[in-house]
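A.B. asks: All chains, full assembly: derive it from the sequences and hints.
Chains as they are written, first to last, in numbering that gives the first Met the number 0: chain B, 0 to 150; chain P, 0 to 150; chain S, 0 to 150; chain R, 0 to 150.
Keep in mind that the hints were calculated from the coordinates and are not lab data.
Remember, it's a predicted structure, so these values are computed and weren't measured experimentally.
Hints may be right or wrong, so weigh each one.
[To be verified] In silico negatives: residues of chain R with every beta carbon more than 12 Å from chain P: (1) 5; (2) 8; (3) 11; (4) 43; (5) 52; (6) 110; (7) 116; (8) 123; (9) 124; (10) 130.
[Unchecked claim] Result set (PhoX-like, lysine-lysine): computed pairs, CA atoms no more than 25 Å apart in a straight line: (11) 94/S x 108/R; (12) 94/R x 108/B; (13) 108/B x 94/P; (14) 108/P x 94/S; (15) 108/R x 94/P; (16) 108/B x 94/S.
In this text, a Cβ means the ideal position worked out from N, Cα and C, and glycines have one as well.
Protein chains: 4
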Amino acid sequence: MQPAAMTAEEMERRLRAEFPEAFQEVSGLAITEVRHGGARVRFAPTAGSIRPGGTLSGPTLMMLADVAMYVAVLATYGWVPLAVTTSLNINFLLKPPPAPLEAACRLIKTGRRLAVGDVELWSQGVSGMVAHATSTYSIPPPNNGLTNGVA
Amino acid sequence: MQPAAMTAEEMERRLRAEFPEAFQEVSGLAITEVRHGGARVRFAPTAGSIRPGGTLSGPTLMMLADVAMYVAVLATYGWVPLAVTTSLNINFLLKPPPAPLEAACRLIKTGRRLAVGDVELWSQGVSGMVAHATSTYSIPPPNNGLTNGVA
Amino acid sequence: MQPAAMTAEEMERRLRAEFPEAFQEVSGLAITEVRHGGARVRFAPTAGSIRPGGTLSGPTLMMLADVAMYVAVLATYGWVPLAVTTSLNINFLLKPPPAPLEAACRLIKTGRRLAVGDVELWSQGVSGMVAHATSTYSIPPPNNGLTNGVA
Amino acid sequence: MQPAAMTAEEMERRLRAEFPEAFQEVSGLAITEVRHGGARVRFAPTAGSIRPGGTLSGPTLMMLADVAMYVAVLATYGWVPLAVTTSLNINFLLKPPPAPLEAACRLIKTGRRLAVGDVELWSQGVSGMVAHATSTYSIPPPNNGLTNGVA
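C.D. replies: So, in C-alpha cells, the structure goes:
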C-alpha cells in the first residue's frame, strides 16, 4: 500500500497558492482525506451555489466532483497541476438540500497517461447518494515544463 | 416550425428574477438565440473562471453547457423552471483561451418527461470545438405546483 | 434488507423463455448472484466476442454491462421485462484477455420511474478493473400492459 | 479538404479479412460512406438483434455506434486496426423498429493520441433520432508493431 504523495494540509496549502480564485477560504472547499488512489473533499454551501426551492445547483455538484477527482490525482501521481479533465459523466440522483456535501473519489485506473475515477456525492442527512460521477484526467508527461513537480 | 416559447430578452429577464445568484450582469452569461428545439448562450470570462496558464476551468465549461441546455428546454417547453438536469456527459477537446465562449445547444429528444440535447462549445479564435456535452433534463408534470407556468 | 424479487435460477429460466435469442446456453451468460439492489453476471467468451490479439470486443463488454444492469433491475423491481436502457456510459480500462468476465452491478438509485446503477467488469486473472459502466433504465408504470408482472 | 484514407470498398475488404467474426456478410453491416473526419455505416437487423415487441436490442445499437466510430477513425488516420475504444456514452431516444439502421459518425477531435466523435443513429421510417453516442478512441503510436500500417 503506497502512501499519498502529500498530506491533506500540504495539498490545501499548494492548491490555495496555485489556484487562488478557485481554492480559498470562501470557496467552501475542504480536503478531508487524501490517499494513494483516492480522496475526499467537503463542500459547505455558498450563497451562489443555492437554488430556488433550497437545493444546490447542478454546476456546484459538477465542480465538487471535478475537484475531488483532481485531488485524488495529485494524491496519487504527486504534484502534477497541469493534469486536466478530459471527460466527466455525472448522474444526478437526489436533490441535495443546502447542506454540506461530501465527495468520495476512488481512482479505478492509474495509467501512465490517463487516470479514471468515480466519485460519489453524499449530503449530510440524506440517506441515498446525491450524485455519481465518472471522470478521466490526462496526466502530463513527467518533464514537460516549469510547474510540474515544483511547489 | 414552432416558434420559441419566449424571446431571448424575456427569458433573460425571467432568469435574472428567478435565479439572481446565477444569472446576473456579472455572471458573464448572455442568451444570444432561442428557438423551439435549441439555444445559444455566450459567456464572457470572469475572474473566477480563469486558470493558471490562461485557460478556462472545466467547471466553467460544464456550467455553460448546463445553462445552454436549460435555456433550450425553457425555449421549447415554456416556462418550466423546475426542470432539472438528470445527467450530463462532457468531453473536453481543446484548452480554451480566456476569451468569450459560445454554447450551441440542440435538443435531440423532446419527450413528455425527458429532454435530451447536445451542446457544442466554441471559443472565439479557436478553429476546433472546445468541448462537447450531452445532457438529459427531467421535465416536471404540467400541474405540479406554484412556480410552474407562472412568471 | 429486502430480498431479491426472485432467485437467480428463476430469473435465468424466465429470461431464456422471454429472450431466446439473447439469453441461451450458447450465449455464454450466467447469473451468479441476484439481490435487492444488485446482481452479478458471468460471461464465458464465445467465438464472436474474441478479437485479433486475443482480447474481447468492446461491444461484448457493453452487452455484459447492460445485461447485468437489467438483471439487477428485475431483481429489485420484480418482473418488468419492458424496462429499457435510456443511457449507458462506459470506460474501458484494461484490455481483457479472452477469459471469463464477471460483471458486478449495484443500483445507486431505485426511483419509481428511473433506476441508475454502476457496473464493474472484472476478468479472471487480471488484477485491475477491466471496465466501468454507469447506466439508467426507465421503469414502465405498473399497469401498462400484458407482459408486465406476468411470468 | 483531405480525402479519406481509403475507399469504403477497400475498408470493407480489410475489415472482413482482419475481423472475420465481426465483419462478414451475415453480420448485417455495410459501410455506406467514408470521409476524412467521418463515416456512415448501415445495419440490417439480424435474428439475434431483435427483441420481443419488435425492437432492436440496446447492445445492437451500441455495437453499431462503436463500429461507425471505428470506421471513421480508420478513414481519417489510415489503417490503425489497434485503435481501441476508451469510452462510449449513449442515449437511447426512441425504440427503433426492426428495420435498417444508419449510423452517422463525425469526429470532433482528431488528436495525435485521442480521437473523439459523435454518432447519430437513425432508423428508416422514424422521424426522430433513435440514439446518440459520443465515443473516444485511443490511437496507437505510429511504429508500435506488426499489424499497424500493414494491409
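A.B. asks: Each hint: holds or not?
C.D. replies: Verification of the hints:
No Cβ of chain P comes within 12 Å of the Cβ of residue 5/R; the nearest lies about 24 Å off, and the non-interface call holds. Once the 12 Å rule is applied to beta carbons, residue 8/R is consistent with being away from chain P; the minimum gap is 30 Å. For residue 11/R, the shortest C-beta to C-beta distance to chain P comes to about 29 Å, beyond the 12 Å cut-off, and the non-interface label holds. Its beta-carbon lying about 24 Å from the closest one in chain P, residue 43/R satisfies the requirement of being farther than 12 Å from that chain.
No Cβ of chain P comes within 12 Å of the Cβ of residue 52/R; the nearest lies about 18 Å off, and the non-interface call holds. The claim that residue 110/R is not at the interface with chain P is violated, since a C-beta of that chain comes within 12 Å of its own (minimum 8 Å). Residue 116/R, annotated as away from the interface, has a beta carbon of chain P within 12 Å; the closest lies near 9 Å. Residue-level check passed: residue 123/R sits 18 Å from the nearest beta carbon of chain P, beyond 12 Å.
The beta carbon of residue 124/R is kept farther than 12 Å from every beta carbon of chain P, the shortest such distance being approximately 18 Å. Under the 12 Å C-beta cut-off, the non-interface status given to residue 130/R relative to chain P is violated; the minimum distance is some 9 Å. This hinted pair checks out: residue 94/S and residue 108/R have alpha carbons roughly 23 Å apart, not beyond 25 Å. Using a Cα cut-off of 25 Å, the hinted pair residue 94/R and residue 108/B is violated, with the two alpha carbons roughly 34 Å apart.
Distance hint between residue 108/B and residue 94/P is fulfilled; the C-alpha atoms sit about 23 Å from each other, no more than 25 Å. Taking the CA atoms of residue 108/P and residue 94/S, the gap is near 34 Å; set against the 25 Å cutoff, the hint is violated. In summary, the hint linking residue 108/R to residue 94/P is supported, as the alpha carbons are separated by about 12 Å, within the 25 Å threshold. This hinted pair checks out: residue 108/B and residue 94/S have alpha carbons roughly 12 Å apart, not beyond 25 Å.
The structure fails hints 6, 7, 10, 12 and 14 (numbered hints given earlier, in ascending order).
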